[in-house]
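Student: Based on these hints, arrange chain B on the given structure of chain A.
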Amino acid sequence: MLTLILLLIPLVASFVTLFLKGESAKWFSLVVTCIQLVFTIYVYQIFIGIDMSSDARSLVNINQAWIKSPQINFQIGLDGISMLMVFLTNLLLPLIVLAGFNRTQDRTHIFYSLVLLMQFALIGVFVAFDGILYYLFWELALLPIYFISLNWGGANRGQITLKFFIYTLAGSLLMLFGFIYLYWNTPSHTFNWLDLTQNPICTCKQGMVFWLFFAAYAIKIPIIPFHTWQPDTYQTAPTQGTMLLSGIMLKMGLYSLVRWLLPVVPSGVEEYTYLAMGLCIVGIVYASVIAIMQTDLKKLFAYSSIAHVGLIAAGIFAANLQGIEGGMAQMLAHGINVVGLFYCADIIMNRTGSNNINNLGGIRLLAPRFATYFMIIVLGSVALPLTNGFIGEFLLLYGLFEYNSWAALVGGLTIILGAVYMLRMYQKVMLGNTNENVNTFEDVKWNEEVVLIAIVLLIFAFGLFPKPMLELVEPASNQIVKLSTIK
Amino acid sequence: MNTLIYTACLGLFGLVAEIFNLRKYLIPILVIGLAVIFSLNLQTWNHPATHFNGMLSDTNFSTAFSGLALFIMLIILIMAGEFYSSSDDEKHISDYMAILLFTLCGALMMFSYSNMAMLFLGIETLSISLYVMAGSRRFEVKSNEAGFKYFLMGSFASAFLLFGIALIFGVTGTFSIDGIGSYMQHHADKLDPLFIVGMLLMIFAMLFKVSAAPFHFWSPDVYEGAPTLITALMSTLVKIAAFAAFYKLLSTCFVFAMGKAEIILTISCAATLLIGNLVALVQDNFKRLLAYSGISHAGYMLLAIISLQGSTDSALFLYSVGYAVASLAAFAIAITVFKATETESISGFNGLAKKNPFLAACLTMAMLSLAGIPPFAGFFGKYFIFSEAIRNGYQDLALLGIVSSIIGVFYYMKVIVAMYNKPANEFTITASFTYQLVIALCLVLSIALGIYPGIFTKLL
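In order, the protein sequence lines correspond to chains A and B.
Quick note on numbering: numbering that gives the first Met the number 0 labels position 281 of the first sequence as 280, and the sequence is numbered without any gaps.
Quick note on numbering: numbering that gives the first Met the number 0 labels position 185 of the second sequence as 184, and the sequence is numbered without any gaps.
I should point out that these hints are in silico values taken from the structure, not numbers from a laboratory.
Treat the hints with care, since some could be wrong.
Heads up, simulated DSBU-like pairs for lysine-lysine below, C-alpha to C-alpha not over 30 Å straight-line [claimed, not checked]:
no., chain 1, residue 1, chain 2, residue 2
1, A, Lys25, B, Lys90
2, A, Lys25, B, Lys353
3, B, Lys354, A, Lys298
4, A, Lys162, B, Lys23
5, A, Lys20, B, Lys421
6, B, Lys421, A, Lys298
7, B, Lys259, A, Lys20
8, B, Lys90, A, Lys20
9, A, Lys25, B, Lys421
10, A, Lys162, B, Lys421
The structure displayed is predicted, hence computed values, not measured ones.
Bound-form chain B, shown alone:
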């Protein structure tokens, strides 16, 4: 809980920093602040507690995911300094930073909610901040489109979520997830139809938020239109937050009704895996490619959610960490390359190996990690998810997952082949020191986790 309060205070500080003329020092201050919060967050480890009359609760689950979210935001903030260096952006820097931190607040609520109201508040805080950020390039049509599209679709999904919560409240008489869970336990054999409708509405809304098929259509357009840094945020923090909330919702509230929801989740998972990977094959725009790759990753994470009888939370967490570090490295490189080549297509990476071997090698590692090839973290993420799925009897889905990751290798390799085997274009590409540092940090983490995933496997 303290993590959330401190983060909110830091966000407010960002808002008023303008007044004190701190624009220049704002990002370093926020980075230090976040680092402090990160270390404070660790202190809640193994100290479960509930706050505000059972609205929020600190568990190891929330601590672990909060730590990851703080880390992601830290990286994003470090990258923001250079990303928002144009004069127009400079004017708004304190707004941007504050909104980014409020996004983080939303995510933190989604990790530690123990009441449906807090879940809704968390999702809305996160989403509204993102609607703004997606449309923050005011003079670009695509950015406007992204913000607007995201807003329309997102509020539709929020309405579903709210309606579902209302129906469930009508049946159970409580907003508390533990209360709903125990109601389920006692009435599992004859559930009220309204309850099932409510549950399905909530599941649909969550599937939308994690951009699982068939609710994924917004994500490529929004990813493409939003400023690249925000795309990075959406594909890492937002996706992970939505999945953690989804997992928590299903594992505490709906675990006894999984039989009813399983078929829907299974279909959605299979469709997500296939659509994400197949459509990614034909993408030329790197951001769209990562969007579809993100959809396919949502499929793997859904696999973890479906097999949650085996308590797959550590598998989900490990996967999230592996996915986040690889994606952040990929986006950091993409931002550098886009800026130099002024294009977002994959052809911008042509011949990168000759011009900047360091960046090319790093992007190669990031792509291999996303494709799930050892010795990178992505491999063990996938491995544990497949392992849990097979253990719980979902062999067919796991096999589909394996087939689709073979398909996935094609488009990740497309980027690698472009870097190593296509004639170079005339642009010179150099990454600033901060970006190199960020990239190296993420990849070192990825390799370390790939070699020793043990630290995270029995964490939760």
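Chain A with its partners taken away, still in its complex shape:
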């Protein structure tokens, strides 16, 4: 029941928001997302109270037949991994809503209605335990973000968002094909997650399903060379859309690797991991190098994001406990950090009208508080110890090392290269002398400050006390590792 309520709150709120006018829509969404966050914490409290030793999925609480033939169930639930992702979603949503407070949009109510619908779909992806139900939420998540980018985006948005839409839809349709293929080729004819993992289809057919699923996830994550939609979309989408995309939506792909790829087609993964991981690792270096060359803030963050998620995906493909746990930890950390980074970029863009790092400089002198927050977020994203980025990257590299030491070595470049482009960017934008572009830079406003402080606190909180988070995902990660080892 709790999971269902988690799903229903944003859905109902999304409908209600449609009928509100202007400012009240903003306030209403803020209140709803805060309530949702409080409720998530309440669910979390209940969740950790359950004894996890016996069954990692003791909170699958709704399983209703939905369509008779082919059998599709409305099956939702929570395990440690889902809980973490739901937590991330509901944690970031109030911040994303709050981030839009000091700007005026036309048709505010529709905008926030779409944001809440997005929240509904994202939570659905993370809690669905039936293949087709999961697929439906996966597709549904695409619609609101598409319309957010199309209606409130920047220059050239028609073309760029269309590319984004077609690209992602192409991936998901291939995944749909994979699911139907799985259904008819498993002895039990099922979309149920646990059944699929316990009775995998014949080894000879797993390779094909692997690539069908991989296509969808590689596009969503994105893994090079399927990333070409991403930098343009991030740049053209309105900031809150970029935050949704980079903070949560690409986690759908990573989460799906853990949930739907590793345990469902273990032999396929075994057979092709070296290729998939190779793509991820090449992507890390490639994206980092491109990020070093970027002069546009938003694009720089977009490429840095590709590098980071490449490492997460590589760690997950290592398919050991450290890799998966590290992947989960890093998803949470990356979600928080990247939202912070894009928000800072947006604040700079709003004040100076420019996102080009060569035109900026000396902001620190004019806005010391902003500079401090920005610095901490940058440090978090280069994985300095004591920040949240460190735990995840450490575990990921550890997991990679167990799989293959060379992979870990090349993957580790992401930290060094990340430090290079991030600190260089910070230096150019924030330090040095001011110029005419930044002369009127004001320090942060109240809502900006709330968002930034919250992000900074989260960075430290998960950096200093990672234990509860790791304890949350450990049983579920263990289960995934067990299911994805070939019997």
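Tutor: Chain B in isolation, oriented as in the chain A frame:
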């Protein structure tokens, strides 16, 4: 059977309504009449029966499709009131309405035939009414062209059909589809070549009627030239009727010879999917775009027909319903927009989101449903068809279907991008209350089916 008789009577009433000076009240009367017939039709559910010495038979298949056809005609009639409001059209309103109802009669025969003669009669009744309606704008060159082209090509296909029926009768000695089916069953190993020729001729004729490639060339021209309301009728009712008849023909008569016909159907299906979707990409005229999109939808429905060993009738029905409601909503919006902007090109939709957000949102939903994106009915339609195809071993065709639906998204999105992202033109666009009602009804149905398709999946 009663459904057919009542509909024919209603059509005759339409013809004579002129005499009683009922022109003003004609459409409301017919709408009420159709609604009554719709509810009477439901009573034949689970009451299979044969009539007229095995000429017609009521089955759940025919009841379900008849219900859908009646619903479509109901919507078309509701829209007709405003569509035919000019003074010239007003004079002919009772003729038009009668012909529309006779089209419906043809469709009803095509659902419930159990004799080849009735199949032919049904197809001809439907087609001849449509030839007239396609050319009903007498003073427009394009309408004349559409009617004439449709007539020439259509009668050619009818001749094929009739020749095929004759050959099959020559071999089997019966017109009854069950008789032919049992003949097939007993002679499946060594079929008379004449029988195969007859079967192929019939299949070609049916492929023409459903506008599958390579017999699709008539449809874009006819769709473009015909009055928009008639285009709506052709792309929904006529296509669905042809597919239902086709399905029934193959599943009862030719099911044991599918091995011989499969290669032809497979090629046609693949070509239809690709041609429909690829050519639609470059269309500027909205009606032509919908025509090509209709061709591609014929490809998906053919996929259901090819994999009919899995008894895909409910998949076909669900697909038809999803396709019909989305198309009707799209056409209702198109009629409104065409009327205001006096153009049929996609640019007429530019900036519609700013001028009329309701219509823009509705057209968006219709397009998404046609593109097969959840949570709309179009998604589950496609899903079940792909599912049955993969189950029966047609993975390659299903994969092609998936690739072509990705291509399809491009042109559906083109309309959406035009509405949301292009500068508005100067026309003001408002939809009348009836049209808004029709659009909303269709889309609510589409979403309801998208959320709960279960009611139709195990229906047949």
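Student: So, for every hint listed, does it hold in this structure?
Tutor: To see whether the hints hold, each was checked on the structure:
A distance of roughly 55 Å separates the Cα atoms of Lys25 (chain A) and Lys90 (chain B); the hinted pair therefore is violated under the 30 Å criterion. Restraint check for Lys25 (chain A) and Lys353 (chain B): satisfied, since their Cα atoms lie roughly 22 Å apart, inside the 30 Å limit. A distance of roughly 34 Å separates the Cα atoms of Lys354 (chain B) and Lys298 (chain A); the hinted pair therefore is violated under the 30 Å criterion. As the CA atoms of Lys162 (chain A) and Lys23 (chain B) are separated by approximately 51 Å, the hinted pair breaks the 30 Å bound.
Among the hinted pairs, Lys20 (chain A) with Lys421 (chain B) is consistent with the structure: their alpha-carbon atoms are about 25 Å apart, no more than 30 Å. Restraint check for Lys421 (chain B) and Lys298 (chain A): satisfied, since their Cα atoms lie roughly 26 Å apart, inside the 30 Å limit. Straight-line distance between C-alpha atoms of Lys259 (chain B) and Lys20 (chain A) comes to about 64 Å, which puts the hinted pair past the 30 Å bound. With a CA separation close to 48 Å, the supplied pair Lys90 (chain B) and Lys20 (chain A) exceeds the 30 Å bound.
In summary, the hint linking Lys25 (chain A) to Lys421 (chain B) is supported, as the alpha carbons are separated by about 27 Å, within the 30 Å threshold. Note on Lys162 (chain A) and Lys421 (chain B): the hinted pairing holds, with a Cα-Cα distance of about 17 Å set against a maximum of 30 Å.
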